[in-house]
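Trainee: One-letter residues, chain by chain:
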Amino acid sequence: MQQDSSASKYSGKKHVKFSDDALALAEKIMKRYPDKRQKSAILPILHIAQAEFNGWLSVEVMDYVATLLKIQPIEVYEVASFYSMFNLKPVGKCVIEVCRTGPCWLMGAEDIVKFIEKKLGIKEGQTTPDGMFTLKTVECLASCGTAPMMQIGEKYHENLTFEKCENILDDYKNKGEEISHWRKERIKHHTDKHI
Amino acid sequence: MGRQILINDLDKEGVNTLSGYKAIGGYTAIEKALKMKPEEIVEEVKKSGLRGRGGAGFPAGMKWSFIAKPPGVPRYLVCNADESEPGTFKDRFLMEKKPHILIEGMIISSFALGANTSYIYIRGEMMYVFHILEKAIQEAYDAGYLGKNILGSGYDLDLHVHCGGGAYICGEETGLIESLEGKRGNPRIKPPFPAVVGLYGCPTVVNNVETLANVPWIVNNSGDEYAKIGIGKSTGTKLISASGHINKPGVYEIELGVPVEEFIFSDKYCGGIRNGKKLKAVVAGGSSVPILPTELILKTAKGEPRLMSYESLSDGGFQTGTMLGSGGFIVMDEDTSIVKNLWNFTRFYHHESCGQCSPCREGTGWMEKVLHKFIEGHAQTKDIDLLWDIQRKIEGKTICPLGEAAAWPVAAAIRHFRSEFEEYVHQGKNMIDVKHYYRLNNLQEA
Numbered sequence: 002m003q004q005d006s007s008a009s010k011y012s013g014k015k016h017v018k019f020s021d022d023a024l025a026l027a028e029k030i031m032k033r034y035p036d037k038r039q040k041s042a043i044l045p046i047l048h049i050a051q052a053e054f055n056g057w058l059s060v061e062v063m064d065y066v067a068t069l070l071k072i073q074p075i076e077v078y079e080v081a082s083f084y085s086m087f088n089l090k091p092v093g094k095c096v097i098e099v100c101r102t103g104p105c106w107l108m109g110a111e112d113i114v115k116f117i118e119k120k121l122g123i124k125e126g127q128t129t130p131d132g133m134f135t136l137k138t139v140e141c142l143a144s145c146g147t148a149p150m151m152q153i154g155e156k157y158h159e160n161l162t163f164e165k166c167e168n169i170l171d172d173y174k175n176k177g178e179e180i181s182h183w184r185k186e187r188i189k190h191h192t193d194k195h196i
Numbered sequence: 375m376g377r378q379i380l381i382n383d384l385d386k387e388g389v390n391t392l393s394g395y396k397a398i399g400g401y402t403a404i405e406k407a408l409k410m411k412p413e414e415i416v417e418e419v420k421k422s423g424l425r426g427r428g429g430a431g432f433p434a435g436m437k438w439s440f441i442a443k444p445p446g447v448p449r450y451l452v453c454n455a456d457e458s459e460p461g462t463f464k465d466r467f468l469m470e471k472k473p474h475i476l477i478e479g480m481i482i483s484s485f486a487l488g489a490n491t492s493y494i495y496i497r498g499e500m501m502y503v504f505h506i507l508e509k510a511i512q513e514a515y516d517a518g519y520l521g522k523n524i525l526g527s528g529y530d531l532d533l534h535v536h537c538g539g540g541a542y543i544c545g546e547e548t549g550l551i552e553s554l555e556g557k558r559g560n561p562r563i564k565p566p567f568p569a570v571v572g573l574y575g576c577p578t579v580v581n582n583v584e585t586l587a588n589v590p591w592i593v594n595n596s597g598d599e600y601a602k603i604g605i606g607k608s609t610g611t612k613l614i615s616a617s618g619h620i621n622k623p624g625v626y627e628i629e630l631g632v633p634v635e636e637f638i639f640s641d642k643y644c645g646g647i648r649n650g651k652k653l654k655a656v657v658a659g660g661s662s663v664p665i666l667p668t669e670l671i672l673k674t675a676k677g678e679p680r681l682m683s684y685e686s687l688s689d690g691g692f693q694t695g696t697m698l699g700s701g702g703f704i705v706m707d708e709d710t711s712i713v714k715n716l717w718n719f720t721r722f723y724h725h726e727s728c729g730q731c732s733p734c735r736e737g738t739g740w741m742e743k744v745l746h747k748f749i750e751g752h753a754q755t756k757d758i759d760l761l762w763d764i765q766r767k768i769e770g771k772t773i774c775p776l777g778e779a780a781a782w783p784v785a786a787a788i789r790h791f792r793s794e795f796e797e798y799v800h801q802g803k804n805m806i807d808v809k810h811y812y813r814l815n816n817l818q819e820a
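Chains A and B, in that order, are what the protein sequence lines are. My numbering puts the first residue of the first sequence at 2, with every later residue one more than the last. My numbering puts the first residue of the second sequence at 375, with every later residue one more than the last.
Excised from the complex, chain A in its bound form (with noise of 0.2 angstroms):
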């Protein structure tokens, strides 16, 4: 668990709650599995509770997830952190994530990485001080026909030279704000209506 010390100043409520959006979806959720197997929906939850709370998951709101569920917090804490999709510590709006792995290496994913942090001025695993940017780098992410490549959200960025990196940054950064407000309506725009 690499729980950062000041993790509650950054989560900022003492009180942890899902929206009624999430909430909604996270229950009907929960209805795909059979009676009693409701922490199989442990993971799709985690995710909504990343968007939800700033990208990343804090003790309370594991603590929480784990209300949801019915289940203990311990079994929130090692599922979360056994998966790499899940933050525990606090990230940026945008996070980067550049394939690193195999074929997207052999076409230039170092140089990517190299190129992004001299743009950003800072390391692979950091934040900028603006809180903009979180650059990370992950594993293979079934994207190697277009190889070099990173995911920002949901996207897939593919075939990346460093012009086309640059393009891409500046343009998140011009939309500042409005990125964090994009996980929210992807929460909204769970309309799948079958169960």
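Derived by calculation from the structure, the hints in this document are not laboratory data.
Partial chain A-side listing against chain B, Cβ under 8 angstroms, derived:
1) Met86
2) Gly103
3) Ser144
Beta carbons: idealized from backbone N, C-alpha and C, even for Gly.
Given chain A, put chain B in place with the hints provided.
Mentor: Then chain B, alone, in the frame of chain A:
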């Protein structure tokens, strides 16, 4: 040679929607299947010779026939869409372009297995494909292909998509089941196999996306017809994800049996090595399978042309052969450092080891560290033997095949490119590979 049955009609308008998919003959197999007996469908799949497309190549019909049928216990079908093997991107491509072929395949397969609830376990990273699938599933519900009493047959099926959280190990079927139950993706000891004790302790079949996508065609055209496609026991077509230093990377559907040389160099497929470079090596089936140098990937040790088939690629065992695996075909040109590439792969396996078994948890880390010594320029000759020794002590000593997946690339790299390791030892710092820095944007070397 050259038949295609999965992605031949992607240029037609709207094949990603239900109506577009129906316009190319989609959802006709369901009507036929629901009038058959479930055993008859299993029999057709057995006859087809269809083999698991996730990597192991186990006959799909046989896997289905193992499912236990205790009375009153639900059975599950889970689609493994946790495509994470480096070099493999065919399932993402198929689900994005033609989601309904998977849904139709799942409905028929669930019916054949007697499952009333099925799940598609997709990687969390592919969230945009998750949304595509949810939309497609909703369309299928609205059209009466899912839900209660499908097409008046009395058969009920609920199909759900489930997203993962980022873990390669969840591509292993028991790791996937654990993850779907809401736990860490630690693979289970087998036996019991999932066909007897799987999801929620119930009989479960886990199949790859591409495997299930073949089922509608088999039902429509019969298993015997399917078996006529391909070569020998490698029946049917295979989606190959081609990546690396080639002119035309992408997903290709090949009829099994195409010569490797044709696949790499013909304009129909990869279009040769880019920038006029020479071919150095190929990893033919995703990062886990043994790497082969040019002479062994194009021809077998016996001097016969190597074909894109399960049998031909594994001809010669691991001494001189490899595996078709998941079809992640990674091509490397003459400038590639095999040692650095191996370090990259090994770092991946170290990162993705779930940590249950000591040989894998510790061994992958040791191998990564030793390989790092090579690329930092302070390895000694004895380190080559040390690497060999570590990989031998991982292989076959772990609960799941991640151990082998980490060990095989190391063994093969040493077996076929030992001189390159020695060069790193003798040249030290001078070997630090700079060429790849200049590849991007076609920069010239200084």
